[in-house]
Amino acid sequence: MDEDRRRFLKQVGAAAGLAAGAGWAALAPPSWPLSLRDPDGERGKPHSSALRLPKNGFAVDAAPHLPQLGVSRGDNVDAMVRSAVAAIGGITRFIRRGDVVVIKPNVAFERAAPLGATTNPEVLIALVKLVREAGAADVRVADNPIESPESCFVRSGIRQAAIDAGAVVYLPRESDFRTLEVPGATHIARWPFFWRPFLGATKVIGVAPVKDHNLCRASMTTKNWYGLLGGRRNQFHQDIHGIISDLALMLRPTFVVLDGTRVLFRSGPTGGSLADVKPGRTLVASTDSLAADAFGWEQLLERGDEPLPAYFAKAKERGLGTPEWKTLNVKEEQVG
Amino acid sequence: MSLLLPTLQSLPKKTAAVVAPNRDGTPWYARRLRITTIRILTQGFFFALFLFLLWVTWLSRLGGYPASLFLEMDPLVGFATALSTHTVYRWLWRGIFILVPTLLLGRVFCNWVCPYGTLHQFVGWLFNIATNHDRLKRNRYRPLFQVKYFVLVVFLVMALFGSLQIGLLDPICLLVRTVTVAVAPAVDLGLIDLSQRLDPAPFLSSLVFKPGTKDPRVFAGAWFVGLVIVGLVGANLFIPRFFCRVLCPLGAFLGWLSRFALYRIDRDLTKCTDCNLCLHGCEGAADPQAALRKSECFVCFNCIDDCPEDALSFKLSPPSLANQILGSVKAGTATLFGRPVISKVYRTELKTPDVPRRRFIFAGVAGALAYPFLRLSKAVNKRGFSDKAIRPPGSVAEPEFLERCIKCDQCINVCPTNVLQPSTLKQAGLEGLWTPVMDFSVGFCQLNCTLCSEVCPTGAIQKIDLDRKLGLNGYKNVGPIRLGTAFFNQGRCLPWAMQTPCVVCEEVCPVTPKAIGTYDEEFTRWDGKKVTLNKPYMRPELCIGCGICQRECPVVDDAAVYVTAVGETRSNDRTLLLTGPKLS
Chain A
1 MDEDRRRFLK QVGAAAGLAA GAGWAALAPP SWPLSLRDPD GERGKPHSSA
51 LRLPKNGFAV DAAPHLPQLG VSRGDNVDAM VRSAVAAIGG ITRFIRRGDV
101 VVIKPNVAFE RAAPLGATTN PEVLIALVKL VREAGAADVR VADNPIESPE
151 SCFVRSGIRQ AAIDAGAVVY LPRESDFRTL EVPGATHIAR WPFFWRPFLG
201 ATKVIGVAPV KDHNLCRASM TTKNWYGLLG GRRNQFHQDI HGIISDLALM
251 LRPTFVVLDG TRVLFRSGPT GGSLADVKPG RTLVASTDSL AADAFGWEQL
301 LERGDEPLPA YFAKAKERGL GTPEWKTLNV KEEQVG
Chain B
337 MSLLLPTLQS LPKKTAAVVA PNRDGTPWYA RRLRITTIRI LTQGFFFALF
387 LFLLWVTWLS RLGGYPASLF LEMDPLVGFA TALSTHTVYR WLWRGIFILV
437 PTLLLGRVFC NWVCPYGTLH QFVGWLFNIA TNHDRLKRNR YRPLFQVKYF
487 VLVVFLVMAL FGSLQIGLLD PICLLVRTVT VAVAPAVDLG LIDLSQRLDP
537 APFLSSLVFK PGTKDPRVFA GAWFVGLVIV GLVGANLFIP RFFCRVLCPL
587 GAFLGWLSRF ALYRIDRDLT KCTDCNLCLH GCEGAADPQA ALRKSECFVC
637 FNCIDDCPED ALSFKLSPPS LANQILGSVK AGTATLFGRP VISKVYRTEL
687 KTPDVPRRRF IFAGVAGALA YPFLRLSKAV NKRGFSDKAI RPPGSVAEPE
737 FLERCIKCDQ CINVCPTNVL QPSTLKQAGL EGLWTPVMDF SVGFCQLNCT
787 LCSEVCPTGA IQKIDLDRKL GLNGYKNVGP IRLGTAFFNQ GRCLPWAMQT
837 PCVVCEEVCP VTPKAIGTYD EEFTRWDGKK VTLNKPYMRP ELCIGCGICQ
887 RECPVVDDAA VYVTAVGETR SNDRTLLLTG PKLS
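Those protein sequences? They're chains A and B, same order as listed. Everything in the first sequence is counted per the numbering used here, starting at 1 for the first residue and increasing by one. Everything in the second sequence is counted per the numbering used here, starting at 337 for the first residue and increasing by one.
Keep in mind that a hint or two might mislead.
[Claimed, not checked] Each computed EDC-like pair below joins lysine to aspartate or glutamate, with the alpha-carbon atoms no more than 16 Å apart:
#1 B/871 to A/174
#2 B/550 to A/174
#3 B/918 to B/877
#4 B/607 to B/645
#5 B/718 to B/736
#6 A/55 to A/239
#7 A/129 to A/174
#8 A/278 to A/302
#9 B/865 to A/239
#10 A/129 to A/78
#11 B/607 to B/642
#12 B/866 to A/239
FYI, nobody ran anything at the bench for these hints, they're computed from the structure. It should be emphasised that the depicted structure is a prediction, and the values quoted were computed from it without experimental measurement.
Go ahead and model the full structure; you've got the sequences and the hints to work with.
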């Protein structure tokens, strides 16, 4: 008898407990603990918080007395990088001990370095070395290529270069992207951004080759930021100049290096034949990517007789740089 | 403490018991270090090696590893492709690595090397718990186990005609395909998720099969490939080693060969008491308690371990002693060389597979009929082939492709962009099921990549270098390999139909000069805005059909530029233009 009663009470207790639990989870107001109630469907939707980059980007304080454009010409890439950066104030102006530095090369395509479609790995090595000498705690090399990321990094030589110089390579994965808010941007006010390398980053350096581009005519340091975005990038061509101007707004770098060691002067941005490449033997360092790009347009792509692509004017309107590079303080040096 | 003390006190005693010599004077480790232990270690080694080789089948890891080793040393792959092509491609001579041990020792491959066999055995060991009585029953030979010989005959007859289908069920092909299409992507999904939760966990993320890919890899029909392996592995719960005993064509091939094996398990009739305990762990269902079926025996040695009378041994060419027995076995008065015969079952060996000849003939006829049934099913012919049957670069013409491709999907495994997909019935028909085709809505053929041609074990994708693929240097006269041709659907193209600038296709076109040109037009839109429309067109002489234009086209569901197979250079039947090099 006792056993039967006990079993009966247990069963009743269990049933009542389950009913009460289910009732609580389904009916208690959403703010109550353990409530699962979702009266209007809002609670069940995925929530993503948007990121913002620092207000002034990653730029250091302006130094009006220094040249804005450091140009070095020659064949010794390491010395050229040093000289160009020295011209705009030296690496110690930009990088402090303990900085976490993101370097963004252009690794968009799976091409060997001599084909000029990607950043020259020697330039990257020299730059990483320079940054590390200045005491950077962590140097990260990141890009989100068009073609398969690993193949691009391997084939272009950027992967080996980064590893050899002591940087860490960040290849993009689906989960590495977070929505970035770019206040004031026309198209990319909210867009998936390759954020993982930017976790804790204090400085950002862009290093981009000089390339012909089928649609916007020239792809250099400003267009280079394209590789930090994810999502449906193939819609960007519907207003490519607006997008590049947005890119300039999105990322204010510490400084940029325009890698003019080679110039992909036609069949860009992909290239694929040595016949499309000519030696440029030039490197430009600047805190003003528009100025650097305008220099490249005129001096390296040698298109000075054509008007600048529309994105220069659009970005200038927003106060993002000075395409009239000749009006700036330019320091040019022949190295080796 | 008081709880621990008795244990502590008895420890020396226990140790002494462990290291005590056997009763027959052999040292203690002879009890532990059985040949079955060595077998398990060997199986573990080969299973790990198999997974490791699939793991290194990736651009950044392929440092000269023989990535397709298991496929190449699969003697059925070598034999069947030799039937269909009359040649032995590249590394397929490695089949000798398995062939020779089989001719010496029997089907050792099945229980010492084969990773799929190991998987089945392991799953059975883990999940198939049964009473001793049931186990003896389950490990008896059944006529059902003949099926694998019919499967083999059907496949080999088809191979003779030039339709290679062994890959559907060959265990190595099947497992490589399953890992590639279903297991590896699933593992990666889990590892990446886990490594993100346990940040920082660089070790976990370095374990992934396919590092450096942006999106999770997707495969057509992954669910079906996954279902097949779950089903086949699950079958172990009903019939132990179901796949190995019933279906495996490689097992049938090796079983047929093992009639020549010099060694076999032998039963000493003067010791065997017919207790049937040898059936307890018999993997192959080879009847070690009676006339050993050589063709079924996996040489796992479990029977020797389990025999309480020490009546079983592995012997070099043991003679058949049936006619040396004097007296009557039935009456119990028989003697063998003067010693009493205890076992009532006096036969000790059955050399060949126990399959009636007429059934063999039926299987052969079925194979001979299967060939025309499949080949006349339109998908693979000169006319009526699918526009989406786009083969990887270096592939031979379709009829030869079907003579060679074993559907192992190693090419799909190594492909960095995920463009290579296992064909469904839609693209290559039943005959080409799971063969590699390109799906440009997923990926594209990367210009400077020839990895699929490196790993193909059978030459369905011939080994090519970049010069051959791109038509450079020595191959200038032949030109580049074309996979197909891109077409514009002007009705869906943004500049052509929607007054909207675009030409992503031109941007990403990787050849130089570009195969996509534009008609440039200043245009006033419906809303009065002035735009420059670069309306794209194809230059078919330059297009190599790599499909990156389709992959990057913003009209993502049904791209405004798309590649179809016509124009491919692997066969004159499918070319498009009058000009340009033709095959001789």
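Query raised in the report: Of the hints stated earlier, which fail here?
Result: Per hint list: 1, 6, 7 violated.
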